[in-house]
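Mind assembling these two chains? They're in different frames, but the hints should get you there.
As they're listed, the protein sequences go chains L and V. Sequential numbering of the first sequence, starting at 1, is according to UniProt numbering. Sequential numbering of the second sequence, starting at 1, is according to UniProt numbering.
Among these hints, one or two may not hold up.
[Claimed, not checked] Below 25 Å or equal to it, Euclidean Cα-Cα: the simulated DMTMM-like pairs (lysine to aspartate or glutamate) are:
no.	chain 1	residue 1	chain 2	residue 2
1	V	Lys-21	L	Asp-63
2	V	Lys-21	L	Glu-38
3	V	Lys-238	V	Glu-187
4	V	Lys-165	V	Asp-210
5	V	Lys-21	L	Asp-99
6	V	Lys-21	L	Asp-18
7	V	Lys-314	L	Glu-20
8	V	Lys-21	L	Glu-20
9	V	Lys-165	V	Glu-114
[Claimed, not checked] Some chain V residues close to chain L (C-beta under 10 Å, calculated; not the full set):
no.	residue
10	Ser-15
11	Arg-16
12	Asn-19
13	Asp-339
14	His-343
15	Ala-360
16	Gly-361
17	His-371
18	Asn-375
19	Ala-376
20	Leu-404
It should be emphasised that the hints constitute simulated quantities derived from the structure, not laboratory data. Glycine included, C-beta positions come from ideal geometry on N, C-alpha and C.
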Amino acid sequence: MAVAAFEEIVETFEFLDDWEDRYAHVIDLGRAMPPLDENLRTPATKVDGCASQVWLVPQVKGDVITFDGESDAMIVRGLIAILRTLYSGRTATEILAIDAPAEFARLGLDSHLSAQRSNGLRAMIERVRLFAASAA
Amino acid sequence: MYDIQSIRADFPILSREVNGKPLVYLDNGASAQKPQVVIDAISHAYSHEYANVHRGLHTLSTIATENYEAVRGKIAGFLGGVAEEEIIFNTGATHGFNMISYGWAMQNLTAGDEIVLSVMEHHANIVPWHFLRERMGVKLVWVEPEADGSFDPARVVEVLNDRTKLVALTHMSNVLGTVVDIAAVAEILKPRGIPLAVDGSQASVHMPVDLTTLGADFYCITGHKLYGPSASGAVWIKSERMAEMRPFMGGGDMIRTVTRDEITYNDPPHTFEAGTPGIVQMIGLGTAIDYMTNIGMANIAAHEASLRDYAQDKFRALNWLNLQGTAANKGAIFSFTMDGGAHPHDISTIVDQKGVAVRAGHHCCQPLMQHLGVNATCRASFGMYNTVDEVDVLVDALETCHRLLG
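Extracted from the complex, chain V is given alone in its bound form (with noise of 0.2 Å):
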């Protein structure tokens, strides 16, 4: 059973209070508070723990490469048990597309070639094809969800040509919760031969993933949303994939020989984590995989699909409340705008007056804002310690935002 009270009582920042009212914390899709057990191991490994990794033989550094590396299986383990060596620690789903884009594409595309993505994507799964657009002519094509929000991988098979050498997609929306199914396009991708990199950010904190039967080749994760550290994360890259790649940062760790005249690059995946890397971050979120793997991604899962139905028929019952994407497959990650013109900014910071924390703006997806014709919408995205008392606490509180705004 789903001790919602005992996990609530695991994350010490939702007791407290703001605006004079217990924290009712829905940004969760922006990023995700962090339990105890991950704030000790920061704290452990700083305290006791801590040198540099990959470089001294001494004893701190030994434990410490130790703690550091033994994130990597953790990640595996959890992405359903993919090869170690095929998963590159970084700073999150930003860096890993911007490693996609400049270690992978940048040398397996040229001018004209194609690269697909949805309009749903975040920035950080548009801005790092653009670069290559703007530097090397590549295009963008572009596919849309249908009016509910819901994504057709039919769509996808429309605009393929023989110039498509990448698709981009989200495995789940990050404003509309959609549930895109990254199987079903990789099936409509393989007999092509058309590599797949998806946007996990979100779906990998939501859901199980298993990325040994997904079909994608590229898979990124973000460690502050997974509930670990800031600035932790990770991008799972299949090994032919990987061989396909050159390293874009150089620096410590990523070599083997440095010379006046050349250089020889270190094993994959450490040719790719140039520099010292974040790694307390990463021994941080080791552990709050271990926490979320503790309590079972499928209960996670089922709890949140309860507070997403219980949600909608609340929001639902809101005749001026309109909801943007109503997909059957989707998270709980609710976006709207309001009747009578209240502006999100509004709506976010009067519900914040009753200690409700939702996002308001852009979220990082101009395009799907151009798409649905808004300038911004509010989000309230769920996590694993949200409760339905809270769905009820935000409906409240929308329903004082529409009385003074609507």
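Just chain L, same shape as in the assembly (with noise of 0.2 Å):
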């Protein structure tokens, strides 16, 4: 289901057996990702329901869907990052396919760091499924 960029997340995450490694390399992968403009910081792109600051950023090139997103928090940085390669170069109707917690979870991350309603993940991902759903 998930492309190449995900599946090489998924391997890499396969590699850590320690919880630290992990979170390690989540935050590396948030560090880079690019860093939004901060002129697209705006209340539209902010995503409510998150504890740290997020906003997301999404638009149709082509028949595909891209984003750019940012966040205060390293963690959630690197969520967004994941995200962003999930979701990357896919049309709003495979993006509405996606089970987008259950590709998470094969992370292996911590089980919390995923369901954790807090840091915003599901809203993230309800932003972006809404975005599909109107441009689909």
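The following block contains the structure:
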């Protein structure tokens, strides 16, 4: 289902058996993500329901959807980077067909992190899906 | 001697693991864990002695009423031996401050009158006053702590004028741990006849409180922070002030007669306790207060002071940790941020992997965050059952954070 880049992330996480290394990798993925332009950090792009501040800016390019994101928390930034990879190069219809929480579960990040309401992963997924639904 | 292991054994949740590690619970500022005696009291009340209070003449209602009303005396004693009739039961300090705002301030203040607050206040002691600003045009006047987080009572003098009608302050900051010298503030206000409302949500948990000498007019406590059930609590209101109040919630129990055309009220404090209360919650709080009193508030304060000193030394050795609030007179509550841009939520998530529960966020103190120039902090808040070993676990977890996030 998922694209090669996401499969690579899954493989890397399979290698990391220590939680500290997995978190370090999430943080590294976040650090590697390009920062979101300050001008795009607006109330409209801000995702409510996150304990830290999160912004997501989805756009349609040709027939695929891309999005940029930002957070002031490093772990959340890493989650955005992973989400970006999971959804990258997909059409709106494909995005709607992806079970993102299930794909995240494959990373073996502890279930708490994936399920935790306060990190806003669900809210971020919902934001992208809403955009995809309006673009489909 | 303070038998920490025996105290820990009284709290069943402390023996559980979190993420495969022994739980290190350092979020007592938000809510404290419950000893088995409190859990048993709740279970016993529902299993054997439950009915509504103040209503039935049947046996169970009489027993439940006696058990429930006995808590008034326990709280009055816990707060230094004030009069039982001056204790109003409620669900905690948020309820208490709303009661003071609607019940007392709304009757006694007019547009243009001023209420003095510190920027350290919890939203519970801010938002009800904003309601009066919005609805009546009262003015909120703010006092700031010193750079080290200490609070200088002289700052209050600077903002007083003939429109000042109330000063509302915390007794212990839930973010900085700062202990405010309420008695000194009361001395300033007394000759001017200005009432003093105090948020005792934290202080009452960590140190002996004697309202017979403190000089306050209103004092709010929160049961779930006092090792008691959630939605239990009380406000002490000096009888002269209670006489100036009107009830703000109407319903059962607070009335004597109701006709189509008029009502007459029950006597205070019941006038201010509308509806079926948290009967079992308050009985549980009574048990929690007995438990704390048996250990001794002075003993708890001494134990926590040693934790504070130990933790403070350890934290100061971490040159990448920025402690917020280092007042000489403070409780074992530590707020901090980390160099390198680690978000408090990152810190909280990482230390949770080590079994350590700390809070990250604004702690319901946004004006204080604005004053400190931060969006959020991490907070480790200690309680009677915490140990120096747990300080070491926290410090080790923070070092992991610094390695990952620094």
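**Message:** What's the verdict on Lys-21(V) and Asp-63(L), does the C-alpha distance respect the 25 Å limit or exceed it?
**Reply:** Violated - the C-alpha atoms of Asp-63(L) and Lys-21(V) are around 48 Å apart, more than 25 Å.
**Prompt:** Given the proposed pairing of Lys-314(V) with Glu-20(L), does the C-alpha separation stay at or below 25 Å?
**Reply:** Within the cut-off at roughly 23 Å; holds.
**Cut-off 10 Å, beta-carbon criterion: hint that Asn-375(V) touches chain L** = Because about 7 Å separates Asn-375(V) from the closest Cβ in chain L, which is inside the 10 Å limit, the hint holds.
**Message:** A closest beta-carbon separation below 10 Å is what the hint needs, so does Asn-19(V) meet it against chain L?
**Reply:** holds (7 Å)
**Proposed proximity, Glu-38(L) with Lys-21(V) (alpha carbon, max 25 Å)** = Violated: Lys-21(V) and Glu-38(L) sit about 40 Å apart, past 25 Å.
**Asked** Holds or violated: Asp-339(V) as interface residue toward chain L, Cβ cutoff 10 Å?
**Response** Cβ of Asp-339(V) sits 13 Å from chain L, so the hint is violated.
**Message:** Between the alpha carbons of Lys-238(V) and Glu-187(V), is the straight-line distance 25 Å or under?
**Reply:** With a Cα-Cα distance of about 16 Å, the restraint between Lys-238(V) and Glu-187(V) holds, given a limit of 25 Å.
**Request:** Report holds or violated for the interface hint on Arg-16(V), using the least CB-CB distance to chain L and a cut-off of 10 Å.
**Result:** It is violated, given that the least Cβ distance between Arg-16(V) and chain L is near 15 Å, above 10 Å.
**Prompt:** Hey, Lys-21(V) versus Glu-20(L), does the alpha-carbon distance stay inside 25 Å?
**Reply:** Cα-Cα ~14 Å, so holds.
**Request:** Would you check whether Gly-361(V) satisfies its interface hint, that is, whether its CB is within less than 10 Å of any CB in chain L?
**Result:** Holds, about 7 Å.
**Message:** Take the shortest C-beta to C-beta distance between Ala-376(V) and chain L; is it under 10 Å?
**Reply:** OK, holds: Ala-376(V) within 10 Å of chain L, min 8 Å.
**Message:** Just to be careful, I want the Cα atoms of Lys-165(V) and Asp-210(V) compared with a cutoff of 25 Å; is the pair within it?
**Reply:** holds (24 Å)
Against the hints set out earlier in the document, violations occur for numbers 1, 2, 5, 10, 11, 13 and 17.
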